[in-house]
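If you read the protein sequences in the order shown, they are chains S and G. Under the working numbering, the residues of the first sequence are numbered 411 to 741, in order. Under the working numbering, the residues of the second sequence are numbered 411 to 741, in order.
Mixed in with the good hints, there may be bad ones.
No distinction is drawn between identical chains; accordingly, a pair holds when it is met within one copy or between any pair of copies.
[Stated by the list, open to error] Listed next, the in silico SDA-like pairs over lysine to any residue satisfying Cα-Cα at most 20 Å (straight line):
#1 LYS549 / GLU530
#2 LYS584 / SER436
#3 LYS693 / GLU727
#4 LYS549 / GLU537
#5 LYS511 / ASP497
#6 LYS429 / VAL556
#7 LYS584 / SER439
#8 LYS672 / LEU639
#9 LYS549 / ASP534
Hints were generated in silico from the structure; no laboratory data involved.
2 protein chains.
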Amino acid sequence: MLQDYFNEVINQVNKTIEKYLSNAPSGTSSLYEASKHLFSAGGKRLRPLILVSSCDFLGGDRSRAILAGSAIETLHTFTLIHDDIMDHDFLRRGLPTVHVKWGESMAILAGDLLHAKAFEMLNDSLEGVNETLHYEVMKTFINSIVVVSEGQAMDMQFEGRNDVTEEDYLEMVKKKTAYLIATSSKIGSLIGGAGPDVADKFFHFGIYLGIAFQIVDDIIGITSDEAELGKPLFSDIREGKRTLLVIRTLKEAESRELEVLKQVLGNKNASTDQLKEASQIVKKHSLEYAYSLAEEYRSRAISSLDGIQPRNQEAYEALKFVSEFTLKRKK
Amino acid sequence: MLQDYFNEVINQVNKTIEKYLSNAPSGTSSLYEASKHLFSAGGKRLRPLILVSSCDFLGGDRSRAILAGSAIETLHTFTLIHDDIMDHDFLRRGLPTVHVKWGESMAILAGDLLHAKAFEMLNDSLEGVNETLHYEVMKTFINSIVVVSEGQAMDMQFEGRNDVTEEDYLEMVKKKTAYLIATSSKIGSLIGGAGPDVADKFFHFGIYLGIAFQIVDDIIGITSDEAELGKPLFSDIREGKRTLLVIRTLKEAESRELEVLKQVLGNKNASTDQLKEASQIVKKHSLEYAYSLAEEYRSRAISSLDGIQPRNQEAYEALKFVSEFTLKRKK
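Using the sequences plus the hints, can you model the full thing?
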């Protein structure tokens, strides 16, 4: 069963991460508690699932993939901790964010520790592989961090600008979100023995899927409810984020609606009623469009793998399921 | 001349770092400017000098050492940017700190980018070496980041505690400062072809030198003047840092002096006069002791290399000079 396949991967990844974050030396227990906080709060483990499935797809070494998948999840978690500080978010996965619970200094440090621990897991996943593969996987992983940082900088720079185009948005999302997902599938394929062409196809699978994922994330951010979402609704609007939905609405809405929206966008003191009114305007003009664009990217994602013969049919089904789940999820 | 040797290494390292931080993609120019800020402000380049000299000492590949040295300097700079946020410092190398100039969010992100760029340089320094060396150097580098984060957590946890012993201090300093210096000499030796025993001697050279370095740093932090130091004087006292000097004074001072000191330590609103009075008490009880302890560690450092035959006499002289400079420096 596909569910068993997922559960096994998730359990192995959770155990690995737990192992690498145990044994806090004396005087550092807060640091390690803060670092482990978001893992214990759940999460989808989307990136390790993609990495391990991509490796299994090609019949690669499962134990290396589990370590590399744990590395990518740890890296992702580091970015969440630092992003929550930068975006002033106070809830994540239904729990207080790390900086709310331990203070900003400890949250910065916990993110830094996870950043290093991610490299520790990745390096261990590559112990004994040939030097070319070691260099290449490391390079892919490192490059994704550089690109994700650039995406976060672009996202911050977009706030407050009303001239951000859909093209700008897609470029930013590709960097901020899609690149790490693409790195997951690419590294999975490399560990699975892929040559450059096949690795490139897995990379594109992840880029397209990642864009679909972020569009759906933007949608959920204004259509879900806080209890399900586990984080504040409308925070994108409050922070003035240029999501696909906002960009589309700024282009399509009537002048009276635009006036309301512009008063609320990026206004940290906006009331809940104002946020609700603004979100109604955004939904009216952008939801249908955003869903269809996400669906288009999902479809491109899975087509990227056409022509590669799966050595493991279940892994192929897993990647297909993950792509479909990306669109259907509610949180 | 030794000065030419140093200048050549420093120039090569500066050029390498500059190259890896050029070409900011559109929308990320602030991020790259913030990341480059502290490099352009100067700095001693102590860690790359130690790394390259250690490699030269054993007759290793200079171009790999320059890349690895650039990696370690970039890593060090990332820790400075994040530490300045955590310690609320507003001056560094005579310039406003990154978070003062660009805001905290951008400073967190700039540190993260440098963290990744450091790995990029290190991985490139290892391109084509055998897989065992690649794994081992990466592991050493990663471990140092974990340990440095733990040291920073201990340092933060010590603030406000009056029961920190000299032994606690040495353990914290070993992690927070000495480990990265020891990693520099160890990686230099590994790239230079050292086996485990020789690499271990270079590691110990760095640990002892790093402890001496930090003790001198603590001394300079209350004896220098701000113009020379390039950062605020007495900030250790204001933040309540448990430096060797403070620990020694808490143990040795009379009760009237202790009363004054405890009112000022960690008091963010302390006046300049109060800080000066507290620092006089600290100097009286600890300076001589601290200098002699630093000298003892410096001497242990250079003795750690006894019995290893230098393939390059200038590199040996360079390491000796760096050790001596560590004690004599004024900033």
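Hints, verified against the model:
| no. | hint | in the structure |
| --- | --- | --- |
| 1 | LYS549 / GLU530 | both (14 Å within a copy, 7 Å between copies) |
| 2 | LYS584 / SER436 | between (41 Å within a copy, 14 Å between copies) |
| 3 | LYS693 / GLU727 | neither (33 Å within a copy, 70 Å between copies) |
| 4 | LYS549 / GLU537 | both (15 Å within a copy, 10 Å between copies) |
| 5 | LYS511 / ASP497 | both (16 Å within a copy, 19 Å between copies) |
| 6 | LYS429 / VAL556 | between (27 Å within a copy, 15 Å between copies) |
| 7 | LYS584 / SER439 | between (36 Å within a copy, 18 Å between copies) |
| 8 | LYS672 / LEU639 | neither (25 Å within a copy, 47 Å between copies) |
| 9 | LYS549 / ASP534 | both (15 Å within a copy, 8 Å between copies) |
Consistency note: the structure conflicts with the earlier hints numbered 3 and 8.
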